[in-house]
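Trainee: Listed below are the residues making up each chain.
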Amino acid sequence: MIRTAGLTKRVPTSEGELTILEDVGLHIETGESVAIVGASGSGKSTLLGLMAGLDTATSGEIWLDGRKLSDMDEEQRALLRARAVGFVFQTFQLLPSLTALENVMLPIELKGDPGAGAKARKLLDRVGLSERWHHYPNQLSGGEQQRVAIARAFATRAGVLFADEPTGNLDTATGDKVIDILFELNREFDTTLVLVTHDARLARKCGRIVKLVAGRVASEEALADSGAEPAHA
Amino acid sequence: MPDAAQPFSNPLGLRGLLIVAWRLMWRDWRGGELRLLFFALVLAVTSVTGIALFTDRLERALMLESANMLAADRVLHTREPAPTEINAEAVNRGFRTASTLSFTSMAFSDNGNMLVAAKAVSDAYPLRGEVITTRRPFTRGAPVASGPPPGEVWLESRALPALGIEVGDQVFVGETELTVGAVIIAEPDRGQGGIVDNAGPRLMLHMDDVAATNVVQLGSRVSYRSLFAHDDFDRLDEFERWVRDTFDGNYYVRDVREESEEVAEALDRAEGYLLLGSLFAVLLAGLAIALSARRYSERHYDYVAILKTLGCTSGRISAIYLLIQLKLATVAVALGSALGYLVHEGILRALQASLQVDLPPPGAQPYAVGAMTAFICLLSFALPPLLALRETPPLRVLRKDLTQTRFSDRIPYAFGIGGGIFLIWWYSRDLVLTSLLVAGVAGAGLLLSLISLVFLTSSGSAGMKAGNAWKLAMTAVRRRRRQNVLQVMVFSVTIMSLLILGLLRTDLIADWQAQLPENTPNHFMMNITGAQVEGIETFFADNAVDSNAFYPLISARVRTINGSEPEPEGEPGEEERGASLVENNQFDAAPATDAAPGSGESAEAEGRRVRGRLSRRQVTWAVDLPPDNRVTAGEWWPENPRPGLVSVDEEYADWLNIEIGDTMEFEINQQFVSAEVANFRSVRWDNMQPNFFIIFSPGTIDHLGATFLSTVLLETEQKLLLNDLIRQFPTIVVVEVDALIEQIQNIISQVTSAIELIFALVLVAGALVLLACVSASLDERFHENAILRTLGAGRRLILTSLLIEFAFIGVVAGTIATLGAEGGLFYLQEWVFEQEFNLHYWVWIAGPALGTVLIACLGVNSTRKVVNTSPLTVLRRVV
Chain A
1 MIRTAGLTKR VPTSEGELTI LEDVGLHIET GESVAIVGAS GSGKSTLLGL
51 MAGLDTATSG EIWLDGRKLS DMDEEQRALL RARAVGFVFQ TFQLLPSLTA
101 LENVMLPIEL KGDPGAGAKA RKLLDRVGLS ERWHHYPNQL SGGEQQRVAI
151 ARAFATRAGV LFADEPTGNL DTATGDKVID ILFELNREFD TTLVLVTHDA
201 RLARKCGRIV KLVAGRVASE EALADSGAEP AHA
Chain B
1 MPDAAQPFSN PLGLRGLLIV AWRLMWRDWR GGELRLLFFA LVLAVTSVTG
51 IALFTDRLER ALMLESANML AADRVLHTRE PAPTEINAEA VNRGFRTAST
101 LSFTSMAFSD NGNMLVAAKA VSDAYPLRGE VITTRRPFTR GAPVASGPPP
151 GEVWLESRAL PALGIEVGDQ VFVGETELTV GAVIIAEPDR GQGGIVDNAG
201 PRLMLHMDDV AATNVVQLGS RVSYRSLFAH DDFDRLDEFE RWVRDTFDGN
251 YYVRDVREES EEVAEALDRA EGYLLLGSLF AVLLAGLAIA LSARRYSERH
301 YDYVAILKTL GCTSGRISAI YLLIQLKLAT VAVALGSALG YLVHEGILRA
351 LQASLQVDLP PPGAQPYAVG AMTAFICLLS FALPPLLALR ETPPLRVLRK
401 DLTQTRFSDR IPYAFGIGGG IFLIWWYSRD LVLTSLLVAG VAGAGLLLSL
451 ISLVFLTSSG SAGMKAGNAW KLAMTAVRRR RRQNVLQVMV FSVTIMSLLI
501 LGLLRTDLIA DWQAQLPENT PNHFMMNITG AQVEGIETFF ADNAVDSNAF
551 YPLISARVRT INGSEPEPEG EPGEEERGAS LVENNQFDAA PATDAAPGSG
601 ESAEAEGRRV RGRLSRRQVT WAVDLPPDNR VTAGEWWPEN PRPGLVSVDE
651 EYADWLNIEI GDTMEFEINQ QFVSAEVANF RSVRWDNMQP NFFIIFSPGT
701 IDHLGATFLS TVLLETEQKL LLNDLIRQFP TIVVVEVDAL IEQIQNIISQ
751 VTSAIELIFA LVLVAGALVL LACVSASLDE RFHENAILRT LGAGRRLILT
801 SLLIEFAFIG VVAGTIATLG AEGGLFYLQE WVFEQEFNLH YWVWIAGPAL
851 GTVLIACLGV NSTRKVVNTS PLTVLRRVV
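Protein sequence lines, in the order shown, are assigned to chains A and B. If you're matching positions, the first sequence starts at 1 in my numbering and goes up one per residue. If you're matching positions, the second sequence starts at 1 in my numbering and goes up one per residue.
Honestly, I wouldn't trust all of these hints.
Stretch-level coverage of chain A by chain B, calculated; a stretch enters the list once three of its residues show a Cβ under 8 Å from a Cβ in chain B [what the hints assert, rightly or not]:
{"no.": "1", "region": "39–51"}
{"no.": "2", "region": "76–87"}
{"no.": "3", "region": "126–132"}
A partial selection of chain B residues facing chain A, derived with a Cβ cut-off under 10 Å [unchecked claim]:
{"no.": "4", "residue": "G16"}
{"no.": "5", "residue": "D28"}
{"no.": "6", "residue": "R316"}
{"no.": "7", "residue": "P394"}
{"no.": "8", "residue": "V397"}
{"no.": "9", "residue": "I660"}
{"no.": "10", "residue": "T663"}
{"no.": "11", "residue": "R727"}
{"no.": "12", "residue": "P730"}
The set of hints was computed from the structure by calculation and includes no laboratory data. Quick reminder that beta carbons are idealized off the backbone N, C-alpha and C, glycines included.
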């Protein structure tokens, strides 16, 4: 599903070039759930951005859903995201001027699929927000906003879901509930999950943990007893 | 797994785009995001449509009103009957036509006789305006549809007592006897023509009676006028061109501007002001649009990043925002057009009494101008920042600090400036004016931004200094230096525009009032001998009428300049203009021999006239510089000047290549006189006063014999005195210009009203821009002050610091605006309106004070919500 080889990201700074990722090679199978962990500044979010086609690497290659991202321009990557990728962010990233329902409908409409309203309502119902669909993001709690974001991420039945610190802005209890929903839907929709987190508990729910140190893959640990089991392991 | 080689299709069709665009627009509208941009657009359309509607109707009305001065829309003035093809063509084109024939003649009755200005008119006369008649002299009259029928004459009031007759009596004109049918109180084109039309009271008769009078013979001094009227000004212009082209420029059909220098100047200046007002209004609205679009786009970086993350391509992002803008503009155009109509209608209703003009219904063009302006404003001011959104990196969802880098920040400015330039050109259709304005504005803009940057760069240290309102405000000013420079620029430009228009309006009105003040003499007396001067002064003194200076008048020809024949420069047209000025204001000893301005002479005759002007003109001598004259080079002669000096009109000197110190030789009464050029003068030719191209120092030509020219102001009830004056001094010629002066004053008062109204409209537009500008900077202030409140800052501290911050920005903007306004006024008055520029000292206090009060009040009023709303609400609202 996702493969990277020799992935390197450098950014120019006033003091010269800064290497954020160096020679990262990863292979994530379809249906697998992978947690990327590491200290702040280790390059976790950068790696997620690169794998999701949100950014371009300085060198190296990335394949997503069978396509080589490094050969694609931003327009092609956007189309690929519309078709194959879902996101959940730490800061939720809902459009504040749209209601919960409209936020979930948006990717369906952007994809051009019919029945956006019905599908979005079903998903909101699935995440336990059937009564809050007409509320705006600022009228929802953090946990509710993240649940809307999860519903949106699964709205287009994307093959791969990228989650960046999905519980980073939530208290433990709320975070647990959100994660439960996330993993439930992941199983239900047979999605590949790539999750960036600081939270060791959360990481251990995944099938594999990739640890980054200073931009390099320091270790990989396969977890037999994870909360999420790959559908096609 | 999909086939890697299979290209992606874009699933989002037009319908999907429309849905997303509509939903975003609707939600943005409900959330208040789009309101400012929308209102700025509505403001642009409202002000432009309102002003365009108003100016369109007012210009038409003023042209119609001005046309009353001619009794027609266009006039062909000839000394001989005009070719019949011209009238036939006019009729063929659906014009209304009429004709008049003017000549001086003696009118006789059983009780007396007098010189009258006779005018024969055809049935259709007048085509514009009304003849007002009555049965008894010096009483109020009523309008009549046409001139006198055959067999009748109508006379002006003062002719009846002079001839000792009443309505119904008989009067002889030449060899025919006609019945006095009415007394003329007013006649639309009374002020037109030269001596032939004004050398006595009017006697109007029917064209069919002219032959019987046997007064008009071969070589008689007569003036033919063919009158044309049509409601479509474009068709009139076409006809004008047809006559010029068909007759190889030998005949000119003219409008009121070409017929009357005074009216032309008033109308030109009024139009210039209206144009300037429209330009300022639309540019101010453009500024509001640019500011609100910028704010909108800044608030949408995150939107776009999320949309891109969800798979929206850059092309679709552009399409979505383009659709939003188009929808917004369509609604804004509809609403703005309706509001523009209401605004102009409301103002017209409010000022119905003072306008005194029947306004024709508006055309469709103003609405088109308003709509076009909205779309141009949108394209140049709003779209660039919105389209730059397409370059927002999707990675912004992970890193908030990322913004698009592909589009330079300056691109929106470049588009805005380009759009502004286009609008100036589009409105003025004048490349030279556009270039000059752009160069002026660019220079001023650069200077102003540098000054504002200097003002706003204070030597602050780190931190917010949050314990003290003054320090808090000053550090805020410094911290937001870049935004504040922009804001100060916008405030400055707005206040500057208002100051320029306000001051220009005051100066223009003052200038017009000075041009023809209430006590402007309205009668000219000519052919006065030296021996008659004292008698005439005594006559007026006995009748409690103030007499004015007597100007000696001699006909002179420039023979040589520094010993060589004069070689005039420039196009004949320039001299022709000079000639018109002369004939309007300089009263030649034998003025009737010269054609009135705009006469349809042959090219050869025109050439002769130009050469004639070079060879012979009326000159005078004077001790003092005449009023409304200004020495522009050299010096006016001292109290006891030596003979042999001459003062020359600067334009005339320029035309003849004369320098100060040159020796000019004149032929006067077959004698040669040399004089040294002592100075050049600028002459106010539109003040209806005796003006001269050439003035000698006393003692130079006094011995050569001269007649005298003087002026006098006679009120309507004093006009009968003219009969006694002419009886006592039968050789003098009195030219009556009271009707002309009254008409010009009337038109000037109307254009004054127009200018006042346009200024009021721009004032409103300016106030709204100020509001938009303050609003555009609110987010950051809201956010910052909400945080301060959460940290325990008191309401008073925050309000005081906001007051100080806005007041400081206001004083800087006001000062810069004052500088810019004086500079702009200098430029406009010297180069565009041809007025004398003077510094306005009071503005140096009022400008900064206005800026301080205005911006402080607006700013505090807009931001005071921050202390009345919970910080959490503010923090949640601000993205």
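Trainee: Indicate, hint by hint, whether the structure satisfies it.
Mentor: Hint check results:
1. 39–51: holds (count 3)
2. 76–87: holds (count 9)
3. 126–132: violated (count 0)
4. G16: With a minimum Cβ separation of about 5 Å from chain A (threshold 10 Å), the hint on G16/B holds.
5. D28: Holds, because the Cβ-Cβ distance from D28/B to chain A comes to roughly 5 Å (cut-off 10 Å).
6. R316: Cβ of R316/B sits 8 Å from chain A, so the hint holds.
7. P394: 5 Å, holds
8. V397: Where the cut-off is 10 Å and the nearest Cβ of chain A is about 5 Å from V397/B, the hint holds.
9. I660: Because about 66 Å separates I660/B from the closest Cβ in chain A, which is outside the 10 Å limit, the hint is violated.
10. T663: 76 Å, violated
11. R727: 89 Å, violated
12. P730: Hint on P730/B: violated, closest Cβ of chain A at ~90 Å, above 10 Å.
When the structure is compared with the earlier hints, violations turn up for hints 3, 9, 10, 11, 12 and for no others.
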